[in-house]
Amino acid sequence: MNNPVSGKPRLVMVGNGMAGMRAVEELLAMAPDHYDITVFGDEPHPNYNRILLSPVLAREMAFEDTILNDRAWYQAHGITLHAGQAVTRIDRARRLVHTADGTVAGYDRLLLALGSTPYVPDIPGTHLDGVMTYRTIEDVRTMHALPAGARAVIIGGGLLGLEAAYGLLMQGVEVTVVHRNPWLLERQMDRVGAELLQRSLIARGLCLCLGAETEALYGDGHVQGLRLKDGRTLPADLVVFAVGIRPRTALAREAGLHCDRGIVVNDTLQTFDPRIYAVGECVQHRGLTYGLVAPLFEQAKVAANHLAQYGRLRYTGSLASTKLKVTGVGLFSAGDFVGGAGCEELSLLDPAGGVYKKVVIRDHKLAGVLLYGDTALGPWLFQLLRTGQDVSALRDHLLFGEVTGDVRHGGGRAIDHMPDTAEICGCNGISKGTIVHAIRTQGLFTVDDVRRRTKASASCGSCTDLVEQILASTLGGLYETTPQKRSLCACTDLTHDEIRDAIVTRKLLSVRAVFAALEWKAEGGCPTCRPAVNYYVRCAWPAEATDDPQARFVNERVHANIQKDATYSVIPRMYGGVTTPAELKRIAEVAERYQVPMVKITGGQRIDLLGVKKQDLPAIWADLGMPSGHAYGKALRTCKSCVGTEFCRFGTQDSTHLAITLEKRLERMWSPHKVKLAASGCPRNCAESTIKDFGVIGVDSGWEIYVGGNGGMKLRAGDLLAKVAYEDEVVEIAEAFMQLYRKEAYYLERTAPWIERVGLDHVKATILENRETRKQLAAELRHALSQEKDPWAEALSGHITIHAQPLRIPELTT
Numbered sequence: 000m001n002n003p004v005s006g007k008p009r010l011v012m013v014g015n016g017m018a019g020m021r022a023v024e025e026l027l028a029m030a031p032d033h034y035d036i037t038v039f040g041d042e043p044h045p046n047y048n049r050i051l052l053s054p055v056l057a058r059e060m061a062f063e064d065t066i067l068n069d070r071a072w073y074q075a076h077g078i079t080l081h082a083g084q085a086v087t088r089i090d091r092a093r094r095l096v097h098t099a100d101g102t103v104a105g106y107d108r109l110l111l112a113l114g115s116t117p118y119v120p121d122i123p124g125t126h127l128d129g130v131m132t133y134r135t136i137e138d139v140r141t142m143h144a145l146p147a148g149a150r151a152v153i154i155g156g157g158l159l160g161l162e163a164a165y166g167l168l169m170q171g172v173e174v175t176v177v178h179r180n181p182w183l184l185e186r187q188m189d190r191v192g193a194e195l196l197q198r199s200l201i202a203r204g205l206c207l208c209l210g211a212e213t214e215a216l217y218g219d220g221h222v223q224g225l226r227l228k229d230g231r232t233l234p235a236d237l238v239v240f241a242v243g244i245r246p247r248t249a250l251a252r253e254a255g256l257h258c259d260r261g262i263v264v265n266d267t268l269q270t271f272d273p274r275i276y277a278v279g280e281c282v283q284h285r286g287l288t289y290g291l292v293a294p295l296f297e298q299a300k301v302a303a304n305h306l307a308q309y310g311r312l313r314y315t316g317s318l319a320s321t322k323l324k325v326t327g328v329g330l331f332s333a334g335d336f337v338g339g340a341g342c343e344e345l346s347l348l349d350p351a352g353g354v355y356k357k358v359v360i361r362d363h364k365l366a367g368v369l370l371y372g373d374t375a376l377g378p379w380l381f382q383l384l385r386t387g388q389d390v391s392a393l394r395d396h397l398l399f400g401e402v403t404g405d406v407r408h409g410g411g412r413a414i415d416h417m418p419d420t421a422e423i424c425g426c427n428g429i430s431k432g433t434i435v436h437a438i439r440t441q442g443l444f445t446v447d448d449v450r451r452r453t454k455a456s457a458s459c460g461s462c463t464d465l466v467e468q469i470l471a472s473t474l475g476g477l478y479e480t481t482p483q484k485r486s487l488c489a490c491t492d493l494t495h496d497e498i499r500d501a502i503v504t505r506k507l508l509s510v511r512a513v514f515a516a517l518e519w520k521a522e523g524g525c526p527t528c529r530p531a532v533n534y535y536v537r538c539a540w541p542a543e544a545t546d547d548p549q550a551r552f553v554n555e556r557v558h559a560n561i562q563k564d565a566t567y568s569v570i571p572r573m574y575g576g577v578t579t580p581a582e583l584k585r586i587a588e589v590a591e592r593y594q595v596p597m598v599k600i601t602g603g604q605r606i607d608l609l610g611v612k613k614q615d616l617p618a619i620w621a622d623l624g625m626p627s628g629h630a631y632g633k634a635l636r637t638c639k640s641c642v643g644t645e646f647c648r649f650g651t652q653d654s655t656h657l658a659i660t661l662e663k664r665l666e667r668m669w670s671p672h673k674v675k676l677a678a679s680g681c682p683r684n685c686a687e688s689t690i691k692d693f694g695v696i697g698v699d700s701g702w703e704i705y706v707g708g709n710g711g712m713k714l715r716a717g718d719l720l721a722k723v724a725y726e727d728e729v730v731e732i733a734e735a736f737m738q739l740y741r742k743e744a745y746y747l748e749r750t751a752p753w754i755e756r757v758g759l760d761h762v763k764a765t766i767l768e769n770r771e772t773r774k775q776l777a778a779e780l781r782h783a784l785s786q787e788k789d790p791w792a793e794a795l796s797g798h799i800t801i802h803a804q805p806l807r808i809p810e811l812t813t
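Residue numbers (numbering that gives the first Met the number 0): 0 to 813.
Just so you know, these hints were derived from the structure itself, not from any lab.
Every residue gets a Cβ at the ideal spot worked out from N, C-alpha and C, and that includes glycine.
One should not assume that every hint holds.
Stated by the list, open to error - Distance condition first, Cα-Cα at most 25 Å in a straight line; then the derived BS3-like pairs of lysine-lysine:
hint	residue 1	residue 2
1	K599	K563
2	K663	K673
3	K673	K613
4	K742	K774
5	K506	K774
6	K774	K788
7	K599	K663
8	K788	K506
9	K673	K599
10	K788	K722
11	K673	K584
12	K742	K763
13	K763	K722
14	K663	K563
15	K663	K742
Claimed, not checked - With beta-carbon atoms standing in for the labels, derived distance ranges:
hint	residue 1	residue 2	range
16	Q549	R505	35 to 45 Å
17	R70	G243	50 to 60 Å
18	R505	Q441	33 to 43 Å
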């Protein structure tokens, strides 16, 4: 029965979420004037991007920015939207849907996009106030009401749980994640990758209780905490359940549709009743349900194809990949990345760089992929996985993406070598070819242009870098001549340089002053901008700036390196790697007295006490009586040295004396990133000076100075900056170089990428060609360092309270 006014068949959709509205969008593209469309949604909002609730929770973006289709869009397409009206009954015989307020709508075709409901286990206390789930914008607003300093416990360490934890953490809430499995994200990561993630989360101040199960919640009307099955208790002002979802099937069951775990559909997304379709999280297809957005959008396209009466497409299931950013760190996983019998596993692990890559090969084909920290190879590897290509010839290059012979494959500017069929945006199923065609035919020049026209990067945003690469590759020089200003973060439209200039010219002396004066979009900023702005303020005004401890990473707040088991690492400073028997004796006595589990020599020629308990930190530093090695900070770490002329028969210069001098002159220096120095007494370079931020090598005529070196995963040999005759010249150049780096580099930018960005000629012109400028820079650094104190010496002398900024690890009491 068509609409008697328009004569069109009536399509009613129950559910106004992402999967359902994607089906409507696809239908409008295929058959724009075929149906009279009516949409019912439980929430009083138009369609919004649920994936972006996490940045809204973290106050990194506004809810309005998540709207996918505003009310004007519905009107423009002739769609009747009933927002905030839940459908309570389906009358299949009369083809009617009923709502609680008495609204009735007739249909010729019905599309169910009911979504899912968060699962809450049957344990005591879930009825208490302050116990909730995380699913809608209303849930976000409830969490926004939680004051800073409050205690929240997230039950569940999956994707949703970590998003909730991250958002609350950014509000200044003390957050603990309780997870029943031994590692987080067990469906997306193996133990090795999870340990890297867990280390990153702990460094941000998150507390983890792994392998733990909740027995009950307790409180008098409002939740006060929870009790674990092992008897421990956790205090809590808010408890959020994020332990999974269940397809919403009640409405379909009551209408007599066949349901199992979800609403059962066939390959055309039709239910037992051929007039009724279903898509999204509520659906069960070939025994499987899906919770990621990419498979749901595939379903939407097939359903729209049949509603448009094309009837060509079939949905046969999805090979889903997970591509996301967890607290800013990229993660990509797909297929069987666990491996096992009959599989070959290739892996690369760089713990210091936070990079882990793993591929699983079965029968000469790629069976699974896991990338953490560096996900550039994800689209290429996923293409190999989907096509089932024999990877025997690529085996040696799967983790690196190199080009060998005439075989081209991923990595670097890998986008140039990907086929047009390679999937770039997994959420929306957008291929490289689709994006390239849109750029060429529709005159697209920016990521925002591509996002609006193709939807690539419009959902989770993790493919934005790939879209930028496609723009650069497709437009060539034209793209380079129309650069887009890259802001510090989403909280501001200003760049690093513009912010630093404003801090100097307007004399802004605190993070809060910067946010207020520069009209920050997000109140309180985000984890990207807060530490950066705090550093920029302190660098510009060392004697007057107000340091914001909460804008620092957790290691810097507690002056110690937190380890994965929530213990600490204590590393006292040893200038130039030189120590004394008295110092060694004190270290040994401390290790025995406090039962330190491990004593280890570091690569920077110092001694590391690992596994120290939080309560023992002040006493250990007091007993050591040695200065802090700043191993936890974006600061000067070490100046490595060889024994030089004092003992070595090959030494040409006294590298040990120079190393000690440099380390003492630069001690307590905070910088955009960690800084490592070295001094070698001869060209044999035993101290590895050419892969340090600032390295010196003794030669017969004096010293060679190298800058911008880097070891680790991204190896870079340092550039020769100068050759000088005397030690005093080395020291002055070192001070000037470090101050120039401190003033010009972006926060978290090492010296190597800084030099590549500004050019070695700029560094030479500033430091070497103008003696007065060099002296001025060196004087500025000495002035800045004169304002700094050794944090543990100051704490132990009573000037500050060592627990003023406690690490957010609640004490567990029986």
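Comparing the hints with the structure gives:
1. For a cut-off of 25 Å, the pair hint linking K599 to K563 stands: about 17 Å separates their Cα positions.
2. Among the hinted pairs, K663 with K673 is consistent with the structure: their alpha-carbon atoms are about 16 Å apart, no more than 25 Å.
3. The hinted pair formed by K673 and K613 meets the criterion: a straight-line CA distance of about 24 Å does not exceed 25 Å.
4. For the proposed pair K742 and K774, the alpha carbon gap of about 15 Å is at most 25 Å, so the pair holds.
5. Taking the CA atoms of K506 and K774, the gap is about 24 Å. The hint holds against a cut of 25 Å.
6. For the hint linking K774 to K788, the alpha-carbon distance of about 24 Å falls within 25 Å, and the restraint holds.
7. Using a Cα cut-off of 25 Å, the hinted pair K599 and K663 holds, with the two alpha carbons roughly 23 Å apart.
8. For the suggested pair K788 and K506, the alpha carbons sit about 23 Å apart, so the restraint of at most 25 Å is met.
9. In summary, the hint linking K673 to K599 is supported, as the alpha carbons are separated by about 21 Å, within the 25 Å threshold.
10. A distance of roughly 33 Å separates the Cα atoms of K788 and K722; the hinted pair therefore is violated under the 25 Å criterion.
11. Of the supplied pair hints, the one linking K673 and K584 is violated, its CA atoms being roughly 29 Å apart against a limit of 25 Å.
12. Of the supplied pair hints, the one linking K742 and K763 holds, its CA atoms being roughly 16 Å apart against a limit of 25 Å.
13. A distance of roughly 12 Å separates the Cα atoms of K763 and K722; the hinted pair therefore holds under the 25 Å criterion.
14. A C-alpha spacing of about 31 Å is found between K663 and K563, which places the hinted pair above 25 Å, so the restraint is violated.
15. Proximity of K663 to K742 is assessed by CA-CA distance (about 21 Å); at most 25 Å being required, the pair is judged to hold.
16. Checked against the hint of 35 to 45 Å, the C-beta distance between Q549 and R505 comes to roughly 23 Å, which is inconsistent with it.
17. Separation of R70 from G243 is about 33 Å and departs from the stated range, judged on CB atoms against 50 to 60 Å.
18. Between R505 and Q441 the C-beta distance comes to about 42 Å, which sits within the given range of 33 to 43 Å.
The structure fails to meet hints 10, 11, 14, 16 and 17 from the earlier list, while all remaining hints are met.
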